[in-house]
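Work out the full structure, taking the sequences as your base and the hints as a guide.
Last residue of the sequence shown: 380 in our numbering, with the numbers rising by one and none dropped.
The set of hints was computed from the structure by calculation and includes no laboratory data. Each hint should be verified, as a subset may be incorrect.
Stated by the list, open to error - No more than 35 angstroms apart at the CA atoms, straight line, and that leaves these computed lysine-lysine pairs for DSBU-like:
#1 Lys85 to Lys162
#2 Lys281 to Lys227
#3 Lys149 to Lys210
#4 Lys226 to Lys241
#5 Lys241 to Lys227
#6 Lys210 to Lys90
#7 Lys281 to Lys162
#8 Lys243 to Lys304
#9 Lys304 to Lys281
#10 Lys281 to Lys312
#11 Lys90 to Lys206
#12 Lys149 to Lys90
#13 Lys226 to Lys206
#14 Lys162 to Lys226
#15 Lys331 to Lys210
#16 Lys227 to Lys149
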Amino acid sequence: MAQDNDNHTESQLPQVLVLRQPGCWTMLESNYSHKFNFLKAWDSPLPQDQFLAGHAGSVQALLSSSIGPPITANILGMLPSLKVIVTTSAGLDHVDLPKCRERGVVVASAPKVHTHDVADLAVGLFLDVMRKISAGDRYVRDRLWASRGEFSLVSKIGGKRVGIVGLGNIGLEVAKKLEAFGCSILYNSRKEKPFVPYPFYSNICELALNSDALIICCALTAETHHLINNKVLLALGRDGIIVNVGRGAIIDEKEMVQCLVKGEIGGAGLDVFENEPQVPKELFPLDNVVLSPHNGPCTPEYFMDLCELVAGNLAAFFSNRPLLSPALDN
Numbered sequence: 051m052a053q054d055n056d057n058h059t060e061s062q063l064p065q066v067l068v069l070r071q072p073g074c075w076t077m078l079e080s081n082y083s084h085k086f087n088f089l090k091a092w093d094s095p096l097p098q099d100q101f102l103a104g105h106a107g108s109v110q111a112l113l114s115s116s117i118g119p120p121i122t123a124n125i126l127g128m129l130p131s132l133k134v135i136v137t138t139s140a141g142l143d144h145v146d147l148p149k150c151r152e153r154g155v156v157v158a159s160a161p162k163v164h165t166h167d168v169a170d171l172a173v174g175l176f177l178d179v180m181r182k183i184s185a186g187d188r189y190v191r192d193r194l195w196a197s198r199g200e201f202s203l204v205s206k207i208g209g210k211r212v213g214i215v216g217l218g219n220i221g222l223e224v225a226k227k228l229e230a231f232g233c234s235i236l237y238n239s240r241k242e243k244p245f246v247p248y249p250f251y252s253n254i255c256e257l258a259l260n261s262d263a264l265i266i267c268c269a270l271t272a273e274t275h276h277l278i279n280n281k282v283l284l285a286l287g288r289d290g291i292i293v294n295v296g297r298g299a300i301i302d303e304k305e306m307v308q309c310l311v312k313g314e315i316g317g318a319g320l321d322v323f324e325n326e327p328q329v330p331k332e333l334f335p336l337d338n339v340v341l342s343p344h345n346g347p348c349t350p351e352y353f354m355d356l357c358e359l360v361a362g363n364l365a366a367f368f369s370n371r372p373l374l375s376p377a378l379d380n
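The following block contains the structure:
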């Protein structure tokens, strides 16, 4: 009897479709399954199309993430009752926004929750490449210090000119952190930010030419896809390094790999890649490259804050209140 009551209670909860479990799933399910009936498509024996068809008339909310299946026009077409998409990411390149706009589907993102953690990683990658921390660690572990002698020279941090591509929440936080190291900040963004003291470069090649390092913090859009191409990389030069905590496809990855292999740029710190989780094998032996598995915001504090924001957006929608972090509001 108790089981019947539990099922009845679950059936009365607001339904939220989840195509694939996001990184915060364990925490989200354990803390909020009493408030929402999460329909787990990945956990069903049915093919996704059949699963969606079974809920097409009732599902109004969808929870997505950048690592899950993209929310395409095809998926939206299978969900005629859908009214809101809540995504766990700041970027929205995995959502067909024009189709959402056409359909009147509102979208909530997580634009600020991850800011500090991603900025921390960006700075960490920058320091690691410049100071060769990971390379030095391998040198010691492989017992080369004793057999080969002193490790190679590393780069000073203070005084370096750091060009930030995308001076949004993360870019501004990176700039603030690197100023404390004595770095000079330059930036490129969609438009000039009159409230910051940093020099603005509307031309990305000119930014690269005047920088010792580029840190990619912008979103992936049609305009920023392969923004960092061979011309930009060559402008950065043999001693310049590139750090990417944005999206992999902002850099033309094939060109970057060739520049690194040929020594045409000085190094790279990469948390994101074009075809994750596939990473170009040419990067593995390079000591001037530091690799991270798209791990920018992955801290317990971040996941707790993210769960609260996701749940807050869902609760707001089902209560007919304004979304907490609307990215596309109709």
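Distance restraint between Lys243 and Lys304, which requires alpha-carbon spacing of 35 angstroms or less:
Holds, at roughly 32 angstroms.
For Lys304 and Lys281, compute the direct alpha-carbon distance and say whether it is at most 35 angstroms.
holds, 13 angstroms
Hint check: Lys162 vs Lys226, CA-CA at most 35 angstroms. Holds or violated?
holds, 16 angstroms
Pair hint outcome, Lys149 versus Lys90 [Cα-Cα no greater than 35 angstroms]
Distance ~24 angstroms between Lys149 and Lys90 Cα, so the pair holds.
Distance restraint between Lys210 and Lys90, which requires alpha-carbon spacing of 35 angstroms or less
Cα-Cα ~48 angstroms, so violated.
Pairwise hint evaluation, Lys149 against Lys227, where the allowed Cα distance is 35 angstroms at most
Measuring from Cα to Cα gives roughly 38 angstroms; hence the hint is violated.
Between Lys149 and Lys210, is the straight-line Cα distance small enough, at 35 angstroms or below?
violated, 44 angstroms
Is Lys241 close enough to Lys227, meaning Cα to Cα at most 35 angstroms?
holds, 22 angstroms
Check the hint pairing Lys90 with Lys206 against an upper bound of 35 angstroms on the C-alpha distance.
Between Lys90 and Lys206 the Cα gap is close to 50 angstroms, so the pair fails against 35 angstroms, i.e. violated.
Under the criterion that the straight-line Cα-Cα distance not exceed 35 angstroms, is the pair Lys85, Lys162 satisfied?
With Cα atoms ~24 angstroms apart, Lys85 and Lys162 stay inside 35 angstroms; holds.
Given pair status - Lys210, Lys331, alpha carbons within 35 angstroms:
holds, 30 angstroms
Please verify whether Lys226 and Lys206 have alpha carbons no more than 35 angstroms apart.
holds, 18 angstroms
This entry does not satisfy hints 3, 6, 11, 16, going by the numbered hints stated previously.
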